[in-house]
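Visitor: Using the sequences plus the hints, can you model the full thing?
Below are the chains, spelled out letter by letter.
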Amino acid sequence: MSSIAEFQKKVKHSHQLRITNYGDSSDEGLVNMSSYSGVVEYYPEELVITLKAGTVIKEINKELAKNNQAFPFFIGNPEQTIGSLYATSGAELSDSVLGVQIVNGKGELLNFGGQVMKNVAGYDVSRLLVGSMGKLAIITQISFKILPEKAAQNFQQEAPIKNKENSLRLIYEAKLKKVFDPYGVFI
Amino acid sequence: MSIISKLTKALPKNSVISGEENTRPYECDGLSVYKQKPLAVALPSTVDQIKKVLEICKKNNTPVVTRGAGTGLSGGALPLKDSVVLGLSRLTRILSIDPEAQTAIVEPGVRNIAISEAVEEYGLYYAPDPSSQIACTIGGNVAENSGGVHCLKYGLTVQNLEAVKILTIDGEELLLSRQDEGMGLLALMTGSEGLLGVISEITVKLTRKPQQAKLIMAGFDSVRDCANTVAAIIKIGVIPAGLEMMDQFAIEASEAFAQAGYPLDAKALLLCELDGSEELVEDDLNKVMGILSKATSVRVSENEEERLLFWKGRKSAFPAVGRLSPDYYCMDGTIPKRHLGDVLEKINDLSKHYCLRVANVFHAGDGNLHPLILYDAGKPGELEKTEAFGMDILKLCVEVGGSITGEHGVGVEKLDAMCHQYSAAELDVFHQIKAAFDPRELLNPGKAVPTLHRCAELGNMHVHHGKLPHPELERF
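Chains as they are written, first to last, in the numbering used here: chain A, 352 to 538; chain B, 184 to 659.
It is worth saying that the hints were derived from the structure and are not from the lab.
A few of these clues could be false.
Claimed, not checked - Restricting the straight-line Cα-Cα distance to at most 30 angstroms, the calculated cross-link-like pairs of lysine-lysine (BS3-like) are:
#, chain 1, residue 1, chain 2, residue 2
1, A, K457, B, K578
2, B, K242, B, K218
3, A, K513, B, K388
4, B, K477, A, K501
5, B, K470, A, K413
6, B, K450, B, K477
Stated by the list, open to error - Reference excerpt, derived from the structure (chain A facing chain B, CB under 8 angstroms, subset only):
#, residue
7, G380
8, L381
9, V390
10, Y393
11, N419
12, G441
13, E459
14, L461
15, G465
16, K469
17, Y474
18, V476
19, N514
20, R520
21, L527
Said to hold, decoys possible - Computed footprint of chain B on chain A; a stretch qualifies when at least three of its residues, placed anywhere within it, have a C-beta under 8 angstroms from a C-beta of chain B:
#, region
22, 396 to 407
23, 442 to 451
24, 489 to 501
25, 528 to 534
These figures come from a predicted structure and were not determined experimentally.
Even for Gly, the Cβ is constructed at its ideal location relative to N, Cα and C.
Guide: So this is what it looks like as structure tokens:
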């Protein structure tokens, strides 16, 4: 799929969807993000890049390297898409997230955060959705703070082992799932 | 039994304040144009006592407004008439310091600067430095996701937290850590303005003190030259610890107040602080000096005393401007830096239109503008005119892709401005997040997120492609 309208249509007309990076359009239960890719905007002098979620990290790294810049977080597999890294990471990545565009479980296109370093208007949804495993919304576009290569290196250590979920957290995660995906479309 | 008696019975002596005169110190926060006395103020000293207050308020269906030092600038801690203010300023213990891991566990009422003072012996400090740092509490910093002048390099509060403990309205203790699997609940809680839970314990990250810091002060003939230099510094790969800009009016006011040696003939002033190892500072200094060709004057601090003097002008800019006018109104919009020149020009046009003077100080490194609008609340209609001017500035910030608030929060002050930044569907998500944690709306209700009706009433609803979202909603 390669347009927001297609994502919205698919969400509105589906009962259950799995967000992936594979599968063709005939696969009714899948949303394939891999063709929704590319750099939307990149301002090296502002340390900001906005990317479509299906963009492969290796490709982004090439763009950033042209300006001696880099992502300030650990990247285990550069063949991964930026959307899948976002969906499976934690605070070490969300520290650099500035904004997201999503299609929620009702098929609404929503924007949270933006391209600025400081933004405390409204709850921090663009960082809340980091690590949400594609269960809350289709992440279509993400804006990141980037850094000069040398400065970025200080932040590129591998994240420590994660704490296991506890039951109270899970209760609140389930409630938040309902906020974004009230009909339980994303599985 | 009244709620005041219940609280008095449940808490130690001298922990509950009530009555017209006694609650007066709590009637407002740092934004004193909004005032309201609460039913009572509860001042617990332990987490167990906070739980008792929450339990009593919940049973009584009484709203709770959590408050730190009351230094907030958006009315976030403004009491509601029928509310209990939950003041956490007595929870001031530093529970532990781990110099190896560079963390400290503290209670919410610990002052920001007190953390840095407590860990100084280890060569560490707590990096975020809002200008109220001698008074503001760390709990308030977490609730507001406070910033400061060093955010570009060291981050806001959210990047400097290891974990927080939250008490939900049901009195459950929710521990949220950077290391958690799953969604970013720690980030969600940071900056939630007291609407989702009560922050009861914080583990902060500590930063090693830099070996050296040097401050470059450069004057320019035009704001644009200065703004272009900001972009150029970032482009050559330098991340300054602080990168601040002031316009001519702000330079004049600060110099008259602080005598920091600012160039009074400059139209714009750039302050660029470089820190780190001696080698790195030297290296960065050379790079930055190489691109200051447009500057009309350049000085580099030669010692610590001079560095602090150069900063003194900037750090006293607000009171300095305050001397020139009976009142001033501080804005907090953020913009992508490439629009800086245009936005400042438009602010000047607006200043002429409203016949109100404005001084601009600007966290240039991270795009955070603080225009100070000078007015006289004693003149009829001038406060309203000032607020209209402020709203135009915030609309401008949103139009160029920025935000209505970079670090001060929405509180009650920017509820209307929120209608410009977010669509009805986005605001609805915020309301539902609130409901997920606090369905009866007892925690700081009515703050931070405007109702959809409020936005519709204003006629300010964010309109996409000429269509009003949710046409099915009643608007009155």
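Visitor: Could you check the structure against the hints above and give me the numbers of any it violates, in ascending order?
Guide: Violated hints: 7, 8, 9 and 10; rest satisfied.
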